[in-house]
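Both chains are sitting in their own frames, so use the hints and assemble them into the complex.
So the sequences go chain by chain: P and C. In the working numbering, each residue carries its 1-based index in the first sequence increased by 48. In the working numbering, each residue carries its 1-based index in the second sequence increased by 31.
What the hints contain is simulated information worked out from the structure, not anything from laboratory work. Heads up, a few of these hints could be off.
Rough simulated footprint, nothing fancy, chain C against chain P, three-plus residues with beta-carbon under 8 Å [as the list claims (entries may be wrong)]:
hint, region
1, 74 to 86
2, 263 to 275
3, 327 to 334
Note that the Cβ used here is the ideal one computed from N, Cα and C, for glycine as well.
As a plain string of letters, each chain reads:
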Amino acid sequence: MNSRDLSAVLAEQVQAAAASGSRLSLQGGNSKSFMRTNAAADTLLSLQEHRGVVRYQPVELVITARAGTPLTELNEVLASRGQMLPFEPPHFGPTATLGGTVATAQSGPGRAYYGAARDFLLGCRFINGRGETLRVGGEVMKNVAGFDLARLMCGAYGSLGVLLELSFKVLPRPECNRTLLLEHTEADALALCQQLRRRAAPATASFYHQGCLYLRLSGTEAAVSAAASTLGGQMLAADGDIWRLVREQQLACFNAAQSLWRLSLPVTCAPYPEPTLWEWNGSQRWLFAPSDSSGPERWAREHGGSATLFRNRSERDLPRFPALEPKLADLHQRIKRALDPFGVLPPCPYLPAEPVVHAD
Amino acid sequence: MHQSRSPDTQRAAKLAPGFRTLIGSDAVLLESEDQRPFECDGLPVYRQLPLLTLLPADEQEVRDIMRYCHEQGIAVVPRGAATGLSGGALPHPDAVLLSLTRLNRIIAIDPVAGSARVQPGVRNLAISEAAAAYGLYYAPDPSSQIACTIGGNVAENSGGVHCLKYGLTVHNLLKLTLVTPEGERLELGSDAPDTPGYDLMALLTGSEGMFGVVVEITVKLLPLPPCTRVALADFTDIKRAGDAVGAIIAAGIIPAGLEMMDQLAIAAVEDFVHAGYPRDAAAILLCELDGSQAEVDAQMKQVCRVLKQQGARQVRLARDEAERLLFWKGRKTAFPALGRIAADYYCMDGTIPRSHLAAVLTRIAELSAEYGLPVANVFHAGDGNLHPLILYDANQPGELERTEELGGRILELCIEVGGSITGEHGVGMEKLKQMCAQFTDAELAQFRQLRDAFDPDQRMNPGKAVPDLKRCAEYRALAPLAGAQGKP
Ligand SMILES: Cc1cc2nc3c(=O)[nH]c(=O)nc-3n(C[C@H](O)[C@H](O)[C@H](O)COP(=O)(O)OP(=O)(O)OC[C@H]3O[C@@H](n4cnc5c(N)ncnc54)[C@H](O)[C@@H]3O)c2cc1C
Numbered sequence: 049m050n051s052r053d054l055s056a057v058l059a060e061q062v063q064a065a066a067a068s069g070s071r072l073s074l075q076g077g078n079s080k081s082f083m084r085t086n087a088a089a090d091t092l093l094s095l096q097e098h099r100g101v102v103r104y105q106p107v108e109l110v111i112t113a114r115a116g117t118p119l120t121e122l123n124e125v126l127a128s129r130g131q132m133l134p135f136e137p138p139h140f141g142p143t144a145t146l147g148g149t150v151a152t153a154q155s156g157p158g159r160a161y162y163g164a165a166r167d168f169l170l171g172c173r174f175i176n177g178r179g180e181t182l183r184v185g186g187e188v189m190k191n192v193a194g195f196d197l198a199r200l201m202c203g204a205y206g207s208l209g210v211l212l213e214l215s216f217k218v219l220p221r222p223e224c225n226r227t228l229l230l231e232h233t234e235a236d237a238l239a240l241c242q243q244l245r246r247r248a249a250p251a252t253a254s255f256y257h258q259g260c261l262y263l264r265l266s267g268t269e270a271a272v273s274a275a276a277s278t279l280g281g282q283m284l285a286a287d288g289d290i291w292r293l294v295r296e297q298q299l300a301c302f303n304a305a306q307s308l309w310r311l312s313l314p315v316t317c318a319p320y321p322e323p324t325l326w327e328w329n330g331s332q333r334w335l336f337a338p339s340d341s342s343g344p345e346r347w348a349r350e351h352g353g354s355a356t357l358f359r360n361r362s363e364r365d366l367p368r369f370p371a372l373e374p375k376l377a378d379l380h381q382r383i384k385r386a387l388d389p390f391g392v393l394p395p396c397p398y399l400p401a402e403p404v405v406h407a408d
Numbered sequence: 032m033h034q035s036r037s038p039d040t041q042r043a044a045k046l047a048p049g050f051r052t053l054i055g056s057d058a059v060l061l062e063s064e065d066q067r068p069f070e071c072d073g074l075p076v077y078r079q080l081p082l083l084t085l086l087p088a089d090e091q092e093v094r095d096i097m098r099y100c101h102e103q104g105i106a107v108v109p110r111g112a113a114t115g116l117s118g119g120a121l122p123h124p125d126a127v128l129l130s131l132t133r134l135n136r137i138i139a140i141d142p143v144a145g146s147a148r149v150q151p152g153v154r155n156l157a158i159s160e161a162a163a164a165y166g167l168y169y170a171p172d173p174s175s176q177i178a179c180t181i182g183g184n185v186a187e188n189s190g191g192v193h194c195l196k197y198g199l200t201v202h203n204l205l206k207l208t209l210v211t212p213e214g215e216r217l218e219l220g221s222d223a224p225d226t227p228g229y230d231l232m233a234l235l236t237g238s239e240g241m242f243g244v245v246v247e248i249t250v251k252l253l254p255l256p257p258c259t260r261v262a263l264a265d266f267t268d269i270k271r272a273g274d275a276v277g278a279i280i281a282a283g284i285i286p287a288g289l290e291m292m293d294q295l296a297i298a299a300v301e302d303f304v305h306a307g308y309p310r311d312a313a314a315i316l317l318c319e320l321d322g323s324q325a326e327v328d329a330q331m332k333q334v335c336r337v338l339k340q341q342g343a344r345q346v347r348l349a350r351d352e353a354e355r356l357l358f359w360k361g362r363k364t365a366f367p368a369l370g371r372i373a374a375d376y377y378c379m380d381g382t383i384p385r386s387h388l389a390a391v392l393t394r395i396a397e398l399s400a401e402y403g404l405p406v407a408n409v410f411h412a413g414d415g416n417l418h419p420l421i422l423y424d425a426n427q428p429g430e431l432e433r434t435e436e437l438g439g440r441i442l443e444l445c446i447e448v449g450g451s452i453t454g455e456h457g458v459g460m461e462k463l464k465q466m467c468a469q470f471t472d473a474e475l476a477q478f479r480q481l482r483d484a485f486d487p488d489q490r491m492n493p494g495k496a497v498p499d500l501k502r503c504a505e506y507r508a509l510a511p512l513a514g515a516q517g518k519p
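Just chain C, same shape as in the assembly (with noise of 0.2 Å):
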C-alpha cells in the first residue's frame, strides 16, 4: 500500500456549504465513512480520501462545481466508473472528487446517421445494449465494459478485443463537450468527418481527465455485421502462437479480434468458466472474423490453413452463437479468473512491435523467475499490446514492492524493444516513473505546457499522468540505463 494524507477536513467542512448550495445536500459526501467507497479505482494499492465527494446529478451543475472551484482555487479529480488501473481517477487529498456516474443518459440514438449522444457516465456496454435495436452497436469493448462509463473511456482512449479493426476510442468519436477548468463550456468535433481548427477532439481522448470534464460525448454507431465467426487455436509452442499471429497478418487478414493467452491464464480461466479451453496447451489463439457471410467463410478457410502451418495442435471453430460467446467469456474474465488463484494480482499494460513477442514472454519468464513471482499472460495479439498479470500477495511483507519493481522491468523491457509503457490503461500514478524513460525531459517539459494551456493553475487532476521535474530526476538517477537516451 502506498502512504496516503488525511484531507484537511476543517477546510472540507468550510467548503462543503458553497457546495451544497450549488448541487444540494445529498450530493456532497463530506464525512470519511461516506467516502470510503470512492478512495480507490481499479488499482487498488493506491487509496486515498478526497477533500470532498461531488456527485452532481447534470451538466449544469458540473459547470457550476467547475466555476466555483475556480474561483476558490480548488482542484478537482474527475472520476467515472472507477474501474481504471493505473490509479488515474485516485483522489487527491486537496482536491474535490467529482464523481459523474449520475450523468448517465442515453441523450438521443440518430440510427440513420449511425450515431449516439450520450453522458459521460453512461456505462459502454449500455450504448452497445441501446443501439442493438436498431441493429448498431459501439465497437470499442473494453473487457470492462459492464462497469466502465463512457467518459473513463475518454479519457483513457480505452480499447478492447476488437480494436485491430474497428480502432480505439479515438477512431470512434465525433463530439466531445468539455467543461474547461474555469467552467466554460466548449464543443468539439461535429457530426462532419471533421472540423476547421487543431485536432482537440484527438488530444482530449486519453488526456485522464487533465484538461477539463466531458459532460457530453457523440459516439459512432457500426453496423452489428451479418456474420461472425470465431476460431480456437492452441499451440504446444507459445513461440509458435506469436508468429502464427504475424502470419495471420502477412496473408492480408485483419481480423476481428486476434487474442492470445498462455498456460497460467488458461488454466485459471477453465477453473473459473469451464470456456472448453485446452488445458495442456502453452497458448492459446482467439481469432475472430467479421463482415458478410461470403467474406468471413473465405477468410476463416484461409485464417484455418495459415494456424495449421503454423502448428496449431488443433483448430476449432465455435459451432454455434453459444460457443463464440462462451470462447469469448473466458478471455474477458481472465483477470477475474486469475484474481481467484492468488491473493492479489497486479496487471501490466505494456506494447510492443509484435515481431519481438517471443523474446519479451521469454523474457519477462526469466523474470518472473528472478523476482519469485508467478506471471500470466493475457494479450491483444493483434495490436502487441501485452497484459501480464503478478499475482502476489499484498501480506506479505515485502511482496507488493517486488512486485511493483518486477512490473517497471516488463514496461522498461516493453519500451527497449520500441513498445510502450501503456496501451490503453493510461499512466495515471501508476507508471509516472516509466513516463521518464520513455520520454525526455524535453519531452515531458512539452506535455506540461500544453496542460497550462488547458489549466493554467493545474487544479485539474494534479500530480497525474505527466511527472514532474523532479521525480523524473531521482528515477534517473537510481536507474541510470532506463535513461530515455536508450530509446531508438
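Here chain P stands alone, though its shape is the one from the complex (with noise of 0.2 Å):
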C-alpha cells in the first residue's frame, strides 16, 4: 500500500494556475470518466499518487485518507479491522479514489438504509481556486464550528476545491447479511419495500429488476433469521455478489443501453411508464435508453424527483443535469466564486457555462 503526501506540491499547482489563469482539470482515478464534462482546461491536475490512510482508529468510528487512496485498498483496512464505509460506494473501475466518490457524490445500495456519501462526511482538508490549503468539518463525530463546506464538496465535482484529505465516520460490519428474492410485480414489490420500512425491518438494501425483488437483511443472526422467515422467499446461498454487480452496473441490462438514466425519486413514488431497475426501496431506480430523451426529467420532476443522464454513450451532446431554476443557478455561481473567485478549478457542472471572471 502505497503512502504519499503531494499536498505543497499540489497546493503549488493551483497557485501557479490562478496567477496565470489557468484552467485546470482534476483527475483522480479515471474510472469516472464518462461524468466528465467537456469544459476546455489547460492543465490536468492528477490526484491518484497523493494517497494513503492518514489516521485511522476502528474504536473511533473514524477513518481519514488521502483523496487518492484506491477506494479498493479503504475498503480492505476497513474490513481487516471488521468495519466498513455503510453508503457502499460504487467503484465503476478498478482505480477509483476516494476523492472522485466524494466530488461525484456516489453512494451504492446501502444508502437507503444507513445514508449517503455526504452523511458520513465529517471533514475534509482542500486546496480552494486562490491556492490555499484550508480544513473544515473534523474528525470527531460532531462538530458545528464553521460552515459545512466538507458536505458541500460532495458533488461539486472538483468545482469548489481540489480535495486533499476526506474524513469518514464508519460503522461495524453487521454480524450477519442474507439475501432474499422474491417474485412480486413492480406495485407489490414497491409496497413491500414501503410496509418494510415502516417496520423497522433489518432490510438494509433493496433492488428489483424484472420481477424479481432482492433485499438483503442485515443485523445480527439470530435478527436476520427472524425476519427471513415471516418475509419467505427464496433465500440466495452466495449473496456477496449479486450487490456489487448491481452496484458496479455490471448486469447485462446497464451495458445494453445506449443512454442510461437515473431517477431519484419519493420513495411512494408509482412505477415509471417503462421498464426500469430499481433500488433503494425504489428511491433510484435506473432507466434504459427511454423512447423519448426528455421524458425521464418530465416525469421525474412531475413525480418530485429529478432525472440525470447518468452514462450517454450515444453521439448526442445532452447535458447531464437539468436546469437549475434561475434563483439556484444565481447562487450557484456566487458560491463558486466564493471558493474559486479566477475560475481556476472546474466549471460548476449545474450550471449551463462558466462566468468568465477576471483576477483583479
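What follows is the structure, encoded as C-alpha cells:
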C-alpha cells in the first residue's frame, strides 16, 4: 500500500494556475471519466499519487485518508478491522479513488438504510481556487464550528476545491448479511419495501428488476433469521456478488443501454411507465434507453424527483443535469466565486457555462 | 455580564410604522418593557435589546419583512425558542429581532413516505408527538426538546442523546425553504434521496441564521423501534467508564444512546429527580439499544458482558418502560439539576476523539482546581461530545470572567487533542475567540466569503458565528500558543 503526501506540490500547482489564469481539470483514478464534462482546461492535475490512510483508530469509528487513496485499499483496511463505509460507494473501475467518490457523491446499495456519502463525511482538507489549503469539519462525530464546507464538496465535482484529505464516520460490519429473492409485480415490490421501512425491518438493501425483488437483511444472526422467516421467498446461498454487480452496473441490462438515466424519486413514487431497475426501495431507478430523451426528466419532475443522464453512450452531447431555476443558479454562481474567484477549478456542473471572471 | 448598547430608539420609532403596515401593530414590539423578554437566549450572560421585535404569523409576512429590510438596509436576527446556549439568537442593537415562534404549524405528516412538513417555530417534541399516532417519530432529540424549535435545530445542526445511531439534524432533513436576505424564496432538497446541485441543504444546516430565514422544513420520520432497552452501569473509576464506551463499540455494537455522567452530576440529579443512580459511583453509563426484539436481546447480553469485563461495579437493566424513562429523565434534566446546586452554571460543548477521554477529564479536573470552580461532566459519550458544566456565582465580582476563561481553556484542550470547540451548541457570540484557535485566517476568510455569497450586505445575524480579522488578531496576540498553527 503506497502512501504519499503531495499536498504541498498540489497547492503550488493551484497557486500557479491562479497566478497565470489557467484552468485546471482534476483527475483521480479516471474511473468516472464518463461523468466528465467537456469543459476546456489548460492543465490536468492528477491526484492519484496523493494517497494513503492518514489516521485510523477503529474504536473512534473514524478514518482519515488522502483523496487519491484507492477505494479498494480503503475498503480492505476497514474490512480487516471488521468495519465498512456504510454508503457502499460504487467504484466503476478498479482505480476508483476516495476523492472521486466524494466529488461525484456516489452511494451504493446501503444508501437507503444507512445514508449517503455526504452523511458519513465528517471533514476534509482541500485547496480552494486561490491555492489556499483549508481544513473544514473535523475527525470527530460532531462538529458545528464553521460552515459545513465538507458536505458542500460532496457532489461539487471538484468545482469548489481540490480534495486532499477526507474523514469519514465508519460503522461495524453487521454480524450477518442474507439476501432473499422474492417474485413480485413492481407495484407489490414497492409496497413491500414501504411496509418493511415502516416496520423498521433490518432490510439494508433492495433492488428490483423484471419481477424479482432482492432484499438484503443485516444484523445479528438471530434478527436476520427472524426477519427472513416472516418474509418468505428464497434465500440465496452466496449473495455478496449480486450486490456488487448491481452497484457496479455490471448486469447485462446496464451495458446494453445507449443512454442510462438515473431517477432520484420520493420513496412513495409509482412505477415508471417503462421497465426500470430500481434500488433504494424504489427511490433510485435506472432507465435504459428511454423512447424520448426529455421523457425521464419531465416524469421525474412531475413526481417530485429529478433525472440525470448518468451515462451517455450516444453521439449527441446532452446535458447531464437538469437546469437549475434562475435564483438557485445565481446562488450556485456566487458560491462558486466565493471558493474559486479566478475560475481555476473545473466549472460548476450544474450551471450551463462558466462565467468569465478576471482576476483583479 | 457583557456590555450591551442601547438601541437607537428614534430610529426604531421611525421604522416601526413600516413594519406595522406589513404585519399589524400587535406583531411589532417597540417599547423596551415589551422587548425585555427577548433580550437573551439560553446563555443569559449576554443581554441586549433589539431595535424592534417582530412576530410574523406566516411565511408571507416573513418574506415581506425580509424584502422591506433589504430595501431599507436593516439587519435581522432570527430567533426560535431562544434555548440556544451560545448566544446565537442574542439581539443586536442595530437589528430587528425576527421571532419565528408564531410559525408553529405542522403542515402535513406523510406516514407512508415517513416525513413531516412543518413550520420553523414547531417545537422539536411536538413533531414526535404528532407522528406517534402513525407509529413514527423524529429522531434527533436535544435535551431541550420540549421547548426548542425545529428552525433553531436546523440553524444549529442540533444533536441529542440518540445521535450516534440516528445522526444529527443534518441527517434527518429532506427539504428546506429559505427566505434569502433579499426576501426571495428558495427551495432546497426534495422528497427524493438527492437533488441536482450543490448540497445547499447541508450547508444551511448549522449556519446559525447567517444565510437567511428558514420558513419551512420537511423532516424524516422513523418507525418507533419495536423494542428498546437501557442498561445503567456504574463505575468507581471514571477512566474505566471511558474505556467501556470504546469496548462496546469495539464489540461491533452501535447503541442508540450512550451517555456518561460524573459524580457531581449524579449527585445533583439524584437530589432533583431520584433517577435511581448510585450516588457513590465515580461515573455512570447509560447504554440504550433499540431494534427488533431478537436484535436487542442478543446485543444487550453482549453489552452487559463487556461492561462487566470493563470493571462495571453493577449493571442494571431498566425493568420496564417507566424505569427506562426514569433513567433518561435523570440524564435529560442534568443541566437544570446542576442549576439547583449552584447560583449559576455555564455549559461547555467540546468534542474530542473518545480515546482521549480519560486524559481530558483529568486535565479538566486540574483546571477546575486551578480556577477554584467546580466542574460537572455530562457527556454524549458515544459521540465524544463533552458537556462540562462550570458552577459559579455571577454575583461574585470577577467570577464570570474566570468562568469564561476556564471554559476557553477547556475548549482549547479539545482542539489540542484533535477535537472541536462545539459539537452541537454552535459558535454564536460565545465561541468567536476559540474559532480563531480552531481555524486559520484563510479558513475564516473563506467562511466570510461564503457568507457574502448568501448575504453580500452582511445583514443576517451580524457579528455571530464567524469572527472578524481584527478580533482574531487580538486573540492571537494574547494567546500565541492557541494559534491555529498548533492543530494537527
Ligand atoms: C437545558 C438545555 C438543554 C439543551 N440540550 C441540547 C442538546 O441535547 N443538543 C443540542 O444540540 N442542543 C441542546 N441545547 C441547545 C439548544 O436547545 C439548541 O441549540 C436548539 O436547537 C435551539 O433552538 P431554538 O429554537 O431555541 O433556537 P434559538 O436559540 O432561538 O436560535 C438558535 C440559532 O438559530 C437561529 N434561528 C432560529 N430559528 C431560525 C430560522 N427559522 N431560520 C434561520 N435561523 C434561525 C438563531 O438566529 C440562532 O442563531 C440545549 C439547551 C438547553 C437550554
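Each hint tested on the structure:
Counting residues of the region 74 to 86 of chain P whose beta carbon lies closer than 8 Å to any beta carbon of chain C gives 0, which falls short of the minimum of three for the stated coverage. Counting residues of the region 263 to 275 of chain P whose CB falls under 8 Å from any CB of chain C gives 8; the rule of at least 3 is met. Under the rule that three or more residues need a Cβ within less than 8 Å of chain C, the assignment of the region 327 to 334 of chain P holds, with 3 such residues.
The earlier numbered hint that this structure contradicts is number 1, and it is the only one.
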